[in-house]
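Student: The chain contents come next:
Protein chains: 2
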Amino acid sequence: MDVKPASDRTRVRRLPKRGAYDATTIARILDAGFVCSVGTVRDGAPMVIPMLYWREDDRVYLHGSQDSRLLSALCESEACVTVTHLDGIVLARSAFHHSVNYRSVAIVGRPELVSDAAEKERALHAFVERLAPHRWKTLRPVTQKELALTKIVRMPLDESSAKVRTGPPVDDPGDLTWPCWAGVVPVTLVAGKPLPESGSESFEAPTLSLE
Amino acid sequence: MDVKPASDRTRVRRLPKRGAYDATTIARILDAGFVCSVGTVRDGAPMVIPMLYWREDDRVYLHGSQDSRLLSALCESEACVTVTHLDGIVLARSAFHHSVNYRSVAIVGRPELVSDAAEKERALHAFVERLAPHRWKTLRPVTQKELALTKIVRMPLDESSAKVRTGPPVDDPGDLTWPCWAGVVPVTLVAGKPLPESGSESFEAPTLSLE
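For the protein sequence lines, the chains are C and V, in the order given.
Sequential numbering from 1 applies to the first sequence in my numbering.
Sequential numbering from 1 applies to the second sequence in my numbering.
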């Protein structure tokens, strides 16, 4: 896969050894999540809104209502989309070295409106399949009115970077015999028992892909 | 608890029925998480960085290295701190009504540097206790040098709002008999088996508070 040079904006500055810029790493992190944080500038001040997203090839998509002010504003200036997965609580023997394991991606750029109806439907198809694989073909088909009510923007991954921490705590050498528990408590997002709507219990419940 | 009026910036505009502004709701959502998304403006463009946070009373704290450019920049202008928990994938009978259940809080304001050493130590104590309850007293005590190397900022919750979706999918009435599975698949962050560092296995592993 391509290894992209980091732009000046996406280069990981703090603890650069945690930075990664290859497309495979970035795609895997993006494909493990559903919710991103979208940063915009409103009246000169930053605003961060959670939104659903999905990736296809070298871009991510966001969607919302056709009259979404946020999505319109996104396409008129720069945006930053950040995705973060918490993987573990890292408990050192000193407060100072406590940390977390995580995977994150930041994407900066200018989103583009998807106006072509066929691309919109294809993108929504990909979104539903991301939420629950093999689901699209089971649904009541999408209507032209619904497509018209849905706004979709795509954001290229050209300027993106990943930041990852893995592994155990890194204690000061003099603390290694300090008498307390130290290590990592992994945390994971897991799917619970599906809660069917009345009348749909006889159909097979979907299996989510959370990783 | 207080019910605060929403400011013009924190009022939930899209689907206002999902908005909440009372301090108890906001505190509970904040206390259920570890990682926030911090939005700033850099050279006129938005930047969103994941950071650890913790809440005490009517403020959240962020921390980092004493030479963190981000934390310094935060205190020189407005910032937006957003926390989001994904609670479920909401699968409707039409693509259009797919959604997610979630809890989120957005806080806007100007962070303030915590310069007093006693307040810094007290805040770090609270942070470690948030990561793992009852842990602080078991640790190698914090040093003055470590306190000096740690930068902490606090952000008041004065301008904050919550947005929450719960419950089942809301299908069009005509779709209620469409032959497919519909409902909610809950998702939860769960703690895995603690992974102790060599030499610390004999001490009691911490129990995390993920909710």
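Do not take every clue at face value.
One copy or two, either will do: identical chains are not told apart, so a pair holds if it fits within one copy or between any two.
Claimed, not checked - With a straight-line cut-off of 20 Å between C-alpha atoms, the simulated SDA-like cross-links for lysine to any residue are:
| hint | residue 1 | residue 2 |
| --- | --- | --- |
| 1 | LYS193 | ASP31 |
| 2 | LYS193 | LEU210 |
| 3 | LYS17 | ALA45 |
| 4 | LYS193 | THR177 |
| 5 | LYS145 | PRO186 |
| 6 | LYS145 | LEU157 |
| 7 | LYS137 | LEU189 |
| 8 | LYS193 | GLU78 |
| 9 | LYS120 | CYS75 |
| 10 | LYS120 | ASP22 |
| 11 | LYS137 | LEU176 |
| 12 | LYS137 | HIS85 |
| 13 | LYS193 | TYR21 |
| 14 | LYS137 | SER65 |
Hints were generated in silico from the structure; no laboratory data involved.
Student: Each hint should be assessed against the structure and marked as holding or not.
Tutor: Going through the hints against the structure:
1. LYS193 / ASP31: neither (22 Å within a copy, 25 Å between copies)
2. LYS193 / LEU210: both (14 Å within a copy, 19 Å between copies)
3. LYS17 / ALA45: neither (31 Å within a copy, 25 Å between copies)
4. LYS193 / THR177: neither (43 Å within a copy, 22 Å between copies)
5. LYS145 / PRO186: neither (45 Å within a copy, 30 Å between copies)
6. LYS145 / LEU157: So LYS145 and LEU157 fail the 20 Å test inside a copy (30 Å) and across (41 Å) alike.
7. LYS137 / LEU189: Result: close neither inside a copy nor across copies, 27 Å intra and 30 Å inter.
8. LYS193 / GLU78: neither (40 Å within a copy, 42 Å between copies)
9. LYS120 / CYS75: within (16 Å within a copy, 41 Å between copies)
10. LYS120 / ASP22: neither (28 Å within a copy, 38 Å between copies)
11. LYS137 / LEU176: between (56 Å within a copy, 17 Å between copies)
12. LYS137 / HIS85: Result: close neither inside a copy nor across copies, 30 Å intra and 29 Å inter.
13. LYS193 / TYR21: neither (37 Å within a copy, 31 Å between copies)
14. LYS137 / SER65: Neither, since 23 Å and 51 Å both go past 20 Å.
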